[in-house]
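Chemist: Residue numbers (the working numbering), protein chains in the order written: chain A, 4 to 317; chain B, 4 to 317.
By construction, these hints were calculated from the structure, which means they are not laboratory data.
This one's a predicted model, so the numbers in the text were calculated from it and none came from an experiment.
All the pointers check out, no bait thrown in.
Since the list can't tell identical chains apart, any single copy or any two copies may satisfy a pair.
No more than 27 angstroms apart at the CA atoms, straight line, and that leaves these computed lysine-lysine pairs for DSS-like:
#1 K249 / K266
#2 K16 / K317
#3 K317 / K18
#4 K257 / K240
Protein chains: 2
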Amino acid sequence: MNFPSSTITDLFKIKYPIIQAGMIWVSGAKLASASANAGCLGILGAGSMKPDLLREQIKSAIRDTDRPLAVNIPLLYELAPEQIQVALDEGIKIFFTSAGSPKKFTTKLKDQGCTVVHVTSSPELALKCQDAGVDAVVAEGFEAGGHNGRDELTTMVLIPQVVDAVSIPVIAAGGIGDGRTMAAALALGASAVQMGTRFMMTGESSAHKNYKDLLVSTKSNSTQLSLKELVPVRLIKNHFFQLINKAEEAGASKEELIKILSKGRAKMGMFEGDLSEGELEAGQICGLINDLPSVADMVKGLLAEYQQTLSLFK
Amino acid sequence: MNFPSSTITDLFKIKYPIIQAGMIWVSGAKLASASANAGCLGILGAGSMKPDLLREQIKSAIRDTDRPLAVNIPLLYELAPEQIQVALDEGIKIFFTSAGSPKKFTTKLKDQGCTVVHVTSSPELALKCQDAGVDAVVAEGFEAGGHNGRDELTTMVLIPQVVDAVSIPVIAAGGIGDGRTMAAALALGASAVQMGTRFMMTGESSAHKNYKDLLVSTKSNSTQLSLKELVPVRLIKNHFFQLINKAEEAGASKEELIKILSKGRAKMGMFEGDLSEGELEAGQICGLINDLPSVADMVKGLLAEYQQTLSLFK
Numbered sequence: 004m005n006f007p008s009s010t011i012t013d014l015f016k017i018k019y020p021i022i023q024a025g026m027i028w029v030s031g032a033k034l035a036s037a038s039a040n041a042g043c044l045g046i047l048g049a050g051s052m053k054p055d056l057l058r059e060q061i062k063s064a065i066r067d068t069d070r071p072l073a074v075n076i077p078l079l080y081e082l083a084p085e086q087i088q089v090a091l092d093e094g095i096k097i098f099f100t101s102a103g104s105p106k107k108f109t110t111k112l113k114d115q116g117c118t119v120v121h122v123t124s125s126p127e128l129a130l131k132c133q134d135a136g137v138d139a140v141v142a143e144g145f146e147a148g149g150h151n152g153r154d155e156l157t158t159m160v161l162i163p164q165v166v167d168a169v170s171i172p173v174i175a176a177g178g179i180g181d182g183r184t185m186a187a188a189l190a191l192g193a194s195a196v197q198m199g200t201r202f203m204m205t206g207e208s209s210a211h212k213n214y215k216d217l218l219v220s221t222k223s224n225s226t227q228l229s230l231k232e233l234v235p236v237r238l239i240k241n242h243f244f245q246l247i248n249k250a251e252e253a254g255a256s257k258e259e260l261i262k263i264l265s266k267g268r269a270k271m272g273m274f275e276g277d278l279s280e281g282e283l284e285a286g287q288i289c290g291l292i293n294d295l296p297s298v299a300d301m302v303k304g305l306l307a308e309y310q311q312t313l314s315l316f317k
Numbered sequence: 004m005n006f007p008s009s010t011i012t013d014l015f016k017i018k019y020p021i022i023q024a025g026m027i028w029v030s031g032a033k034l035a036s037a038s039a040n041a042g043c044l045g046i047l048g049a050g051s052m053k054p055d056l057l058r059e060q061i062k063s064a065i066r067d068t069d070r071p072l073a074v075n076i077p078l079l080y081e082l083a084p085e086q087i088q089v090a091l092d093e094g095i096k097i098f099f100t101s102a103g104s105p106k107k108f109t110t111k112l113k114d115q116g117c118t119v120v121h122v123t124s125s126p127e128l129a130l131k132c133q134d135a136g137v138d139a140v141v142a143e144g145f146e147a148g149g150h151n152g153r154d155e156l157t158t159m160v161l162i163p164q165v166v167d168a169v170s171i172p173v174i175a176a177g178g179i180g181d182g183r184t185m186a187a188a189l190a191l192g193a194s195a196v197q198m199g200t201r202f203m204m205t206g207e208s209s210a211h212k213n214y215k216d217l218l219v220s221t222k223s224n225s226t227q228l229s230l231k232e233l234v235p236v237r238l239i240k241n242h243f244f245q246l247i248n249k250a251e252e253a254g255a256s257k258e259e260l261i262k263i264l265s266k267g268r269a270k271m272g273m274f275e276g277d278l279s280e281g282e283l284e285a286g287q288i289c290g291l292i293n294d295l296p297s298v299a300d301m302v303k304g305l306l307a308e309y310q311q312t313l314s315l316f317k
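Looking at chain A on its own, in the form it has when it is part of the complex (with noise of 0.2 angstroms):
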């Protein structure tokens, strides 16, 4: 395997520069462990886990697999220096921070000999994050699912930008989906992808199995960035969707959108498989994804394509 750059896999120790993002009930102990497997990063998304059940998530994927695991912590919950406590007291060394400042826990971790990525969406984002201390960056485009930057940058733009502005390495992340989009990726200077959808639509995920359907024949139009004003997120656009953009347009307050967000609509829609009124995130790149394999096999397929775009270039 031909990688242009090996600072992301030597600084994690995996086979592969590629990370399967911590996602909201999306990204549990069988996923991580199925990636970390699969010779990939594979995180654990904090951000809709009690402490607890963080623990014992994290005690779970460390039994399926002896690879490095990290987690991701997204710092717009309360709970997040509990479950940070919680990753450190279970022996986790990488974490992947997010939606906050760089500033608020990199040293604490980096004191306690972890390895610290923070999730940005500009380069004078990643400028402040290397600042910070941190040891690379995912730069995430305007594409990406989920919570997104408000600059709108697509990965393209984005991704180049963020290496020439900073020192440390990048990882890509929005709109990276097979070997095409991989290989892409690494020629605009990212030394490794973190891919979201694309391992949300594997069999080891735990999005709901309806969910997992509905995005099989998902086009890349149906997803759109919403709620800009308040914390951009980019969802599928379903009655959840429509609901939330009606009362934003009607003038509702940064309290009432929030209400509205906060009846456990992630939870209705990817983990219970509500697909109307529940919360669906997902980035563009679900247009391009038609099938549902299992982690090993997506991994296989993704890097053969990989090999045979390099093989285009000969």
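With chain A held as given, fit chain B onto it using these hints.
Modeler: Only chain B this time, still in chain A's reference frame:
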């Protein structure tokens, strides 16, 4: 030079799979002939030219190069049929049509022995272009400057889906401006790249000096997709942008918005250099580009960086 496909270089009889986009007020005879002489396809942007001026510009471009030249005809303007006739009269054999139905002129142009390319922004529209008989499509992502699609699909997710949907060659546009982004676009399956902002930011483009100087220091987040309901267009966020956005937010009718747009604002901004009151079209990639070289030097540098990018995968 290793390019994964020769379908576009063969189709247009050009050296490199690089297309200089047809842009209103910016791509006249000087830019098109310089692009052609540098081994790319040079395109005259007819959208901002009355038929007599277009005739003069085609004659002038042909005087300055013996390489193939093309004309871009935005079909939303009334003068499109006349512009096409002028181009045919002057011996133009390659037409890029955009902003309208590919069914409108493709058969007529093909009957005259011309090569026809239509600009699209979704896999579904690309299929319609193929059905209309075009020779190739330009697939243009959300990050592109100027007129844009409604689906907001980025180049990263759009190109592989269009490549999978059609059997004709695909030219990638949107977010391409250096050797890395070119390599990425070709990895996605495109047979060539089309660049607008990068060619606008050269000595030979007819963009006003004020505008070129502004672009050198402009960041990617200085642009935004505007007028999403009427005709989505990516603009620099200047005073005119605020004006049109406020009018739209205040519920201005389509007619009122067209009235504001039609006051020669694009000419005022891009051609006459009024950076406050004029309409300034640019792609997100402007943030990556910080120089104003000659076309020949720009192409040379871009190809060197492209080769350098490929060498990283060996």
